[in-house]
Amino acid sequence: MSITKRLMYVNRRAPYGTIYALESLEVVLIGAAFEQDVSLAFVDDGVYQLVKGQNTTGIGVKNFSPAYAALGDYDVKKIYIEKESLDQRGLSMDDLQHLTWEDENEDYAEKESMHLVSREELADLLEEQDVVFSF
Amino acid sequence: MSITKRLMYVNRRAPYGTIYALESLEVVLIGAAFEQDVSLAFVDDGVYQLVKGQNTTGIGVKNFSPAYAALGDYDVKKIYIEKESLDQRGLSMDDLQHLTWEDENEDYAEKESMHLVSREELADLLEEQDVVFSF
Amino acid sequence: MKFGILVNEGPYTHEASDSALQFTRAALAKGHEVTRVFFYHDGVNNGTRLGVPPQDDRNITREWSSLAKEHELDLVVCIAAAQRRGLLDADEAKRHGKDADNIAEGFRISGLGQLIEVAIQADRLMVFGD
Amino acid sequence: MKFGILVNEGPYTHEASDSALQFTRAALAKGHEVTRVFFYHDGVNNGTRLGVPPQDDRNITREWSSLAKEHELDLVVCIAAAQRRGLLDADEAKRHGKDADNIAEGFRISGLGQLIEVAIQADRLMVFGD
Amino acid sequence: MATLHTVNKSPFERNALDTCLRLAKQGSGILFLEDGVYGALKGTAASEKVAKAAGEHKVYVLGPDLAARGMQEDQILDGIQVVDYAGFVDLAAEHDRVNAWL
Amino acid sequence: MATLHTVNKSPFERNALDTCLRLAKQGSGILFLEDGVYGALKGTAASEKVAKAAGEHKVYVLGPDLAARGMQEDQILDGIQVVDYAGFVDLAAEHDRVNAWL
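Protein chains in written order, with our numbering: chain A, 1 to 135; chain B, 1 to 135; chain C, 1 to 130; chain D, 1 to 130; chain E, 1 to 102; chain F, 1 to 102.
Just chain A, with the same shape it has in the complex (with noise of 0.2 angstroms):
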């Protein structure tokens, strides 16, 4: 296929209190292959998703947020957090895990996938899009 499509998943649920955010997941790296143009958002609970030192070993459930720092080498590399998800929770952009990826074309320079935006900036970005999957 050649088209290219503008496709954004909206995460917006916790994880671990249901699947839906490791099924999504799952659904963005094998969306990968497709080469569209990919992005993420992270809006309500599933700014949770993002929070840095998970550990699930006392709930007896793998622990699905490391897959995260990879979707950088997926070339999914635009991920928006908004920022009033984040201020209801009280939670600030060093609270989450740091994902980068690196530009082949710039000699491997790392560089930012994480976007904060307000409501309207995501609003608009929202409305760029050809298909936004939720789940």
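Calculated directly from the structure, the hints in this document are not laboratory data. Since the structure is predicted, the reported quantities are computational estimates derived from the model, not experimental observations. Glycine included, every Cβ here is placed at the ideal spot set by N, Cα and C. Check before you lean on any hint, since a few could be wrong.
Claimed, not checked - Pairs of lysine to any residue, SDA-like flavour, derived with a Cα cap of 25 angstroms:
hint, chain 1, residue 1, chain 2, residue 2
1, F, 58, A, 90
2, F, 25, B, 119
3, D, 98, C, 92
4, B, 5, B, 35
5, F, 58, B, 124
6, C, 98, D, 108
7, E, 42, B, 98
8, C, 2, C, 100
9, A, 83, E, 56
10, F, 25, D, 120
11, E, 58, A, 121
12, A, 111, A, 125
13, E, 25, A, 80
14, F, 58, F, 87
15, A, 52, F, 82
16, C, 2, C, 121
17, F, 25, B, 37
18, F, 52, B, 125
19, E, 25, A, 116
20, A, 83, F, 48
Unchecked claim - Going by beta-carbon spacing under 8 angstroms, a handful of chain C positions derived as facing chain E:
hint, residue
21, 22
22, 30
23, 32
24, 33
25, 58
26, 126
Please arrange chains B, C, D, E and F on chain A, whose structure you already have, making use of the hints.
The following block gives chains B, C, D, E and F in isolation, referenced to the frame of chain A:
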């Protein structure tokens, strides 16, 4: 079994959007055979379960609302509706099915099953139970 | 217009699969194309042939199967989600050493790529879930 | 003390079955009795033997089965909820003319009366759901 | 024609409607279906914000889901249009994309 | 020892915590587990009401669910006690009944 326990079913979900309301009612009807001290509470979106005039033809799903009228025949006659939940939804008792039971000790006189209760009254009722079922 | 349909919840438990079915029927009735129906998360449970719903209620799996037959719909169950939840076809059962399978007529098991593909090919992706 | 456990959601999809499993283990470790674990709504899906979760994650059905074996737990799947969702044992499959069954070792199918019964007999009913 | 947003959650139980209203651009379409139809009713704790939204967007509600829940069309807030499944299909086709706030 | 209430929902996504706080008698036990543990944290939009509740009830949070979500014990509101699954069992045994606000 000769033990008699106070069992309360707490219904907090709207009908049709999910199956909880229907499958909760199925437990109540089966449970009636055990001759326990049973009551039902309708709280939050659970009050929508009793709204009159449900017509599911258009969604192709079975309308189970007529089954509530049978509760009296099953000797389930303590039905509590939280006033705060009705108020929040702009509903009154007139919008709900009127559920009754027949008192065989009084020549099958029709008696009231529905009781409008305040949050404080419902909190007291919850505290008197041996078992609280929630689905 | 081409529609892709994504169903995220199991039958009966959530109205999502009913809504998806009604939308699909209405889209076909209007002459639109439904390129693919993809079942993900608990949505894979729509594809079991072992369900025995009460006689006086709808049989959602059978409705999907007969709609698929009538309109040559492509009903795809996600393989990863299906494995996790115990929805297998004969090949999958054999591959994993299981002694039975349970997929219904008209459904096929395939990868998540089929979801991305229909999202790209269709004009609209409709998501039905919880 | 006697505990009854009610599980309302399927495995993996919701943390409820994990929580129920952890609670059951902890209660048994403290010397309490777990009179019965009753699976209702999508909880019946905990009882399928056809699930193939990823190798690097837990296998919830297998954990219930082995806990049941070790402690002679009574794992009961609601018959009405199970029929709707396609979870059958050999007898049920035969009765409904189905060509396969999918119940896992250590689980049995029975009526809702078993839930009421354990609610009456146990000292506490613990509800795990969505 | 911008985005069609769908809301299938009760506004009293979940935050889906609030998030939809926070992130929908002015002039969007918003369709209430399934338990979301409770958001379309007059006289509730959610009516004020939905009435305001109906001034900024085109708001629709799925008739079959309303009827299933025993709600009549005269209980619907002014400015909200009732559609059937065929109308839902038309809305999805007319808008540029559909965003489901699950 | 009255009722143990359990809340397994995020206070930002659902109304379970609000209903629990509305209907719990003073002196109840309230345990946050699963996604409910987000209700136990400092500095959130829910903190004020939970802090108030911690003055009227005994409030607990399940440690394994906190750790899974990357939350540390110093992020917990004052007056909330962290328990493990064994502690959860003890709470259930000590109270007269358990009410799960699903």
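Results for each hint:
With a C-alpha separation of about 23 angstroms, the suggested pairing of residue 58 of chain F with residue 90 of chain A holds against the 25 angstroms cut-off. Distance restraint check for residue 25 of chain F and residue 119 of chain B: the Cα-Cα separation of roughly 10 angstroms lies within the 25 angstroms cut-off, and the hinted pair is therefore satisfied. Annotation: proposed proximity of residue 98 of chain D to residue 92 of chain C holds, straight-line Cα distance about 19 angstroms (limit 25 angstroms). For a cut-off of 25 angstroms, the pair hint linking residue 5 of chain B to residue 35 of chain B stands: about 9 angstroms separates their Cα positions.
Distance hint between residue 58 of chain F and residue 124 of chain B is fulfilled; the C-alpha atoms sit about 18 angstroms from each other, no more than 25 angstroms. Of the supplied pair hints, the one linking residue 98 of chain C and residue 108 of chain D holds, its CA atoms being roughly 19 angstroms apart against a limit of 25 angstroms. A hinted pair counts as satisfied when its Cα atoms are at most 25 angstroms apart, and residue 42 of chain E with residue 98 of chain B qualifies at roughly 23 angstroms. This hinted pair does not check out: residue 2 of chain C and residue 100 of chain C have alpha carbons roughly 36 angstroms apart, beyond 25 angstroms.
With a C-alpha separation of about 23 angstroms, the suggested pairing of residue 83 of chain A with residue 56 of chain E holds against the 25 angstroms cut-off. Between residue 25 of chain F and residue 120 of chain D, the direct Cα distance comes to roughly 24 angstroms. Compliance with the 25 angstroms bound is thereby established for this hinted pair. Simply put, residue 58 of chain E and residue 121 of chain A have alpha-carbon atoms about 22 angstroms apart, close enough for the 25 angstroms limit, and the pair holds. About 20 angstroms separates the Cα atoms of residue 111 of chain A and residue 125 of chain A, which keeps this hinted pair within 25 angstroms; it holds.
Annotation: proposed proximity of residue 25 of chain E to residue 80 of chain A holds, straight-line Cα distance about 18 angstroms (limit 25 angstroms). Taken as a hint, the residue 58 of chain F and residue 87 of chain F pair is honoured in the structure, with Cα atoms around 14 angstroms apart against an allowance of 25 angstroms. With a CA separation close to 20 angstroms, the supplied pair residue 52 of chain A and residue 82 of chain F stays within the 25 angstroms bound. For the hint pairing residue 2 of chain C with residue 121 of chain C, the CA-to-CA distance comes to about 8 angstroms; that is within 25 angstroms, so the pair holds.
For a cut-off of 25 angstroms, the pair hint linking residue 25 of chain F to residue 37 of chain B stands: about 22 angstroms separates their Cα positions. With a CA separation close to 24 angstroms, the supplied pair residue 52 of chain F and residue 125 of chain B stays within the 25 angstroms bound. Under the criterion of a C-alpha separation no larger than 25 angstroms, the hint pairing residue 25 of chain E with residue 116 of chain A is consistent with the structure, at around 19 angstroms. Taking the CA atoms of residue 83 of chain A and residue 48 of chain F, the gap is about 21 angstroms. The hint holds against a cut of 25 angstroms.
Residue-level restraint check for residue 22 of chain C holds (minimum Cβ-Cβ distance to chain E is 5 angstroms; threshold 8 angstroms). Look at residue 30 of chain C: its Cβ gets to within about 6 angstroms of chain E, closer than 8 angstroms, so that hint holds up. Residue-level restraint check for residue 32 of chain C holds (minimum Cβ-Cβ distance to chain E is 7 angstroms; threshold 8 angstroms). Hint on residue 33 of chain C is violated. Least Cβ distance to chain E is approximately 12 angstroms, over the 8 angstroms limit.
For residue 58 of chain C, the suggested interface contact is broken, since its CB lies about 13 angstroms from the closest CB of chain E, more than 8 angstroms. With 8 angstroms as the threshold, the beta carbon of residue 126 of chain C comes within range of chain E, its nearest partner Cβ sitting at about 6 angstroms, so the hint holds.
Hint compliance for this structure: hints 8, 24 and 25 are broken, all remaining hints hold.
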